[in-house]
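Novice: Let the sequences and hints guide you as you build the complete structure.
Mapping the sequence shown onto the UniProt record's numbering, position 283 (from 1) lands on 283, and the numbers just tick up by one.
Note that these hints are calculated values from the structure, not bench results.
It is possible that part of the hints are untrue.
Each computed DSS-like pair below joins lysine-lysine, with the alpha-carbon atoms no more than 27 Å apart [stated by the list, open to error]: (1) K175 to K202; (2) K208 to K135; (3) K217 to K170; (4) K135 to K170; (5) K175 to K208; (6) K170 to K201; (7) K175 to K135; (8) K175 to K201; (9) K159 to K201.
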Amino acid sequence: MKMAGEETRENREKEMIKVISNILVLSNILMQLLNCQLYFKGILLLISNHHLLQFSFRELLHTRNRQDETCERLNAVLRDSCTSCELQLAGPEYEYNQGISSLSPAIAEELFRCELSDNQVRSQALTPDMTKLKKANVAIDNYLSPAHTLVQIRCADHKGRLYDIMRTLKDMNMKISYGRFSPNSMGYRDLDIFIQQNDGKKILDREKQSALCSHLKQEMLHPLRVIIANRGPDTELLVANPVELSGIGRPRVFYDVTFALKTLGICVFSAEVGRHSTSEREWEVYRFLLDENCEFQLTGVAARNKIVNRVRRTLMGW
Numbered sequence: 001m002k003m004a005g006e007e008t009r010e011n012r013e014k015e016m017i018k019v020i021s022n023i024l025v026l027s028n029i030l031m032q033l034l035n036c037q038l039y040f041k042g043i044l045l046l047i048s049n050h051h052l053l054q055f056s057f058r059e060l061l062h063t064r065n066r067q068d069e070t071c072e073r074l075n076a077v078l079r080d081s082c083t084s085c086e087l088q089l090a091g092p093e094y095e096y097n098q099g100i101s102s103l104s105p106a107i108a109e110e111l112f113r114c115e116l117s118d119n120q121v122r123s124q125a126l127t128p129d130m131t132k133l134k135k136a137n138v139a140i141d142n143y144l145s146p147a148h149t150l151v152q153i154r155c156a157d158h159k160g161r162l163y164d165i166m167r168t169l170k171d172m173n174m175k176i177s178y179g180r181f182s183p184n185s186m187g188y189r190d191l192d193i194f195i196q197q198n199d200g201k202k203i204l205d206r207e208k209q210s211a212l213c214s215h216l217k218q219e220m221l222h223p224l225r226v227i228i229a230n231r232g233p234d235t236e237l238l239v240a241n242p243v244e245l246s247g248i249g250r251p252r253v254f255y256d257v258t259f260a261l262k263t264l265g266i267c268v269f270s271a272e273v274g275r276h277s278t279s280e281r282e283w284e285v286y287r288f289l290l291d292e293n294c295e296f297q298l299t300g301v302a303a304r305n306k307i308v309n310r311v312r313r314t315l316m317g318w
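Specialist: Now the structure itself:
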């Protein structure tokens with residue numbers, strides 16, 4: 001005869017396996033969407049007896065072939081568990097539903113702060129990996145080319161490095177004429193970019209040069225924000241990244257985060273993706289409510305730092 005404690009443990013193990021399976025399915029779905037070159041604008045995920053996954057895509061699936069291809073890939077992942085898969089044009093109500101539920105002032109201040117220090121007693125305190133990012137160097141040279149400004153960058157190698165640099169230049173209305181980057185050397189890369197302003201001229205103004213260098217250093221120092229906090233009695237993981245002026249967010253973030261949590265054996269109870277505006281820019285914020293019933297203990301500073309570091313390393317490709 002089983003004791004009550006044994007039955008409870010078995011039920012928790014079954015539930016954990018079920019939720020981890022849900023994370024695996026979600027990761028596979030996201031990979032299939034990326035294979036179709038589809039990038040979503042918002043996601044609503046509820047884990048319950050009947051799972052609801054609602055995606056709002058950035059680009060319209062304007063052809064029947066693309067719609068059929070997407071449904072085929074999703075059905076291939078979900079198999080018999082998929083009862084229906086439909087694609088339809090999102091109504092105007094979704095345009096006003098991209099914001100996330102309110103963040104507390106303390107969480108917002110920690111998540112969107114401009115700089116990090118090595119001695120912060122926070123979940124974003126710099127680890128040795130992150131400290132390498134502080135060694136980024138940016139130099140401006142107007143003598144090598146008669147028509148272009150040369151931007152020379154030396155920074156730590158990480159996934160999305162080229163994206164962060166190009167996004168920053170694009171948001172500052174700079175035109176890129178030519179670029180080259182060196183192989184990885186001791187964890188660092190050198191990048192040379194020949195750029196012009198929108199009017200086709202070199203960047204001669206000292207203030208513009210300083211602003212450009214400052215923005216590039218900032219984006220390479222802190223391309224992603226990852227913290228873990230309490231949400232009432234529950235534990236919540238928050239990941240934020242800047243939104244381009246065009247309104248497009250960083251690709252693959254949701255997939256990388258769920259993959260990192262899967263490797264730790266952490267269950268996701270619910271997930272939410274939305275936008276948050278500060279005085280300086282708009283952010284894309286991912287909120288993951290973590291399941292307390294999994295074997296991974298969510299309490300304690302060491303455990304939480306392990307979650308943050310694993311997620312951040314996965315996002316950075318380390």
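Novice: Each hint: holds or not?
Specialist: Results of checking the hints against the structure:
This hinted pair checks out: K175 and K202 have alpha carbons roughly 10 Å apart, not beyond 27 Å. The straight-line distance between the Cα atoms of K208 and K135 is roughly 22 Å, inside the 27 Å bound, and the hint therefore holds. Simply put, K217 and K170 have alpha-carbon atoms about 15 Å apart, close enough for the 27 Å limit, and the pair holds. This hinted pair checks out: K135 and K170 have alpha carbons roughly 23 Å apart, not beyond 27 Å.
For a cut-off of 27 Å, the pair hint linking K175 to K208 stands: about 14 Å separates their Cα positions. For the given pair, K170 sits about 16 Å from K201 by alpha-carbon distance, which is consistent with the 27 Å threshold. For a cut-off of 27 Å, the pair hint linking K175 to K135 stands: about 26 Å separates their Cα positions. With a CA separation close to 10 Å, the supplied pair K175 and K201 stays within the 27 Å bound.
At roughly 31 Å between alpha-carbon atoms, K159 and K201 are farther apart than 27 Å, so this suggested pair is violated.
Taken one by one, the earlier hints fail for this structure only at number 9.
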